[in-house]
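Colleague: Assemble chain B onto chain A, guided by the hints.
Chains A and B, in that order, give the protein sequences.
Sequential numbering of the first sequence, starting at 1, is according to the numbering used here.
Sequential numbering of the second sequence, starting at 1001, is according to the numbering used here.
There's no promise every hint is true.
From the structure, some residues in chain B lie toward chain A, with a derived Cβ separation under 7 Å [what the hints assert, rightly or not]:
1. 1194
2. 1196
3. 1219
4. 1261
5. 1263
6. 1270
Calculated directly from the structure, the hints in this document are not laboratory data.
All C-beta atoms in this analysis are idealised placements derived from N, C-alpha and C, irrespective of residue type, glycine included.
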Amino acid sequence: MTNEIILSVSKLRKWFPVKSSKVFGEKQYVKAVNDITFDIHKGETLGVVGESGCGKTTLGRTMIRLIEPTSGKIVFEGKDLTAFSEKEMRLARKDLQIMFQDPYGSLNPRMTVGDIITEPYVFQKMYTKKERIEKAVELMKICGLDPVYIRRYPHEFSGGQRQRIGIARALALRPKFLVCDEPVSALDVSIQSQIINLLMDLQQEFGLTYLFISHNLSVVYHMVDRIAVMYLGNLVELADKEDLYQNTAHPYTRALLKSIPSLDFSEEHKLRAALKGDIPSPINPPSGCVFHTRCENCTERCRQEVPPLREIAPRHFTACHLYDGQGKIVDA
Amino acid sequence: MGEKLLEVKNLSTYFYTDEGVVYALDDVSFDLDRGEALGIVGESGSGKSVTALSIIRLVQSPPGKIVAGEVLLDGDNLLTKSKAEMRHIRGEKISMIFQEPMTALNPVFTVGHQIMESILIHQHKTKKEAREQAIEMLRLVGIPAPEKRVDDYPHQMSGGMRQRVMIAIALCCNPQLLICDEPTTALDVTIQAQILELIRDIRERLGTSVILITHDLGVVAQVTDKVIIMYAGKVMEYGTVRQIFTDPLHPYTAALMRSIPVIGKQTERLNVIRGMVPSLSKRPDGCLFHPRCDEACELCRTVRPDLINLPDGRQVRCHKYTDKWEEKSHD
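Okay, chain A solo, but in the shape it has when bound (with noise of 0.2 Å):
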């Protein structure tokens, strides 16, 4: 890990609008991505974690520009994605690729696994049909995939092994940024910590930077070197990952890490629900600090305020008013 920034997304906001009951009513919106400011380094890995609902496919969608943002700056390697035309962006998104988390919807069904691996070569016009095989082959093996299957179709795959076909297809164009998302959510305990281990393996070999979308906090913890976390379209807590783990600052990231069912099964570890209640709805979300419905620190200025983004201590970032005066506000 370097302290090159390679991508930097600021002000990043994506709303949804909502079809309206009234005709001249107030338009709504669903605000998935809500003024989010971070940088990613060169070669880390950022685990984005979160509730469903909270927004986090939505960022890395728009992060590579597969969703157009409503607004914000995305700055990859220098460049400004948001500036880019239909055309530059396509050649842009040789270095910026992504995996899904449904192993059985995202490959096309009629398709063989060559013809998946190769279809980005397709697409930006490079290679000779041979070569692309070769590639596709090459690729396979990387992947830990038999490249005598190179002419069958995913039905015929596990779901472990069409993860990795998903792999191989990120990695066709050696992307320098591959978004994955909740790539291991969808596969069994024994096969997901060979897909974790495939990433990392991969991450070292070609030198990626990862965008790893995941709420399963435990996966998160093995394989990133930072967390965000989100809350209701909104970015409430960013540190390094032993800091964001030990000194937990927004008590929304502490109710989350008191949720997880630990293998400590002694009576002082014994899981309580840290949080009551359920998520709001993102279109009308609460006023003020997103988070306060629910929040057990509560205050009347968090039902008003809403609370800015500071570095409270170097490296970690968190949106709330508990650290009011602490670190500088870095979203004003």
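Modeller: Just chain B, lined up with the frame of chain A:
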């Protein structure tokens, strides 16, 4: 505690498909005491859900068939019951909640209606009494403002709330046994913690026995007393949570524990169980786990191991714990 509620003896359920016989459940035996909570852990296709469905006789037939064994509830064999008798047992004595709180509820009826349905079938109550009980049940499972929410439709509720409604339906006839099939898999961690706390709380308050089926070892460690580890339709290991988590005997259990990342324990690489879960229609010879086992020897490749009873009440299906293994290692 100590009084047996459920005894499963040599239960085998096979599915007869075009591709051959699928041995989904093969010679499974276990006991459950009154008020006890048992976890059944396994990967997909290990037969953990089929175990539950076989107990309440909901295995789809054809292609499935319970080919052998006994399921004794209070000494009464459920497998010899008629369909009508089973209908009374389900809901009244044994209840089950499923993984998908989104699809397990009927979208066109209010949740109150669905709770009342079960009460009206099994108990002699008027509609008014049933409605009152439904509200009471919703309060029991921790739904706020139950007098209002009783008239909600499932789509008006979140996933966690729907799972609470499912639990309310399952509990309304005060069953002796509650089977939870992956009750929290579709839920977020903070909601999962709420539901697990509820299940534990209900067990303590009502004395209901619980069978909890899950793939998550952490969930089992938090909720149950005893654990069964299943693999390819067979029980691989059985013991208390403490025994299995501190000292796993079976190589599969041990490997499974090592392959889970643990927060606070930094490791370079995760342990990997190589290969895949075997196909249940073309099972390997010998021990079903031997193709993936690091300690497998000739014996494991040829002879199918029995479930061995150990002195401390544990059971394990592995040649390592027999005399034959001793002879082997001395050769």
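Colleague: If a hint holds in the structure, say so; if it does not, say that too.
Modeller: Evaluation of the provided hints:
1. Below 7 Å, beta-carbon pairs count as interface contacts, and residue 1194(B) has one with chain A at about 4 Å; its hint therefore holds.
2. For residue 1196(B), the interface hint holds, since its Cβ comes within 7 Å of a Cβ in chain A; the closest pair sits about 6 Å apart.
3. Because the beta carbon of residue 1219(B) sits about 5 Å from the nearest beta carbon in chain A, less than 7 Å, this interface hint is met.
4. Checking residue 1261(B) against chain A: minimum C-beta separation of about 3 Å stays under 7 Å; hint holds.
5. Given hint, residue 1263(B) at the interface with chain A, holds; its Cβ is 5 Å from that chain's nearest Cβ, closer than 7 Å.
6. This hint holds: residue 1270(B) has a C-beta 4 Å from the nearest C-beta of chain A, less than the 7 Å allowed.
In summary, the structure agrees with every hint in the numbered list given earlier.
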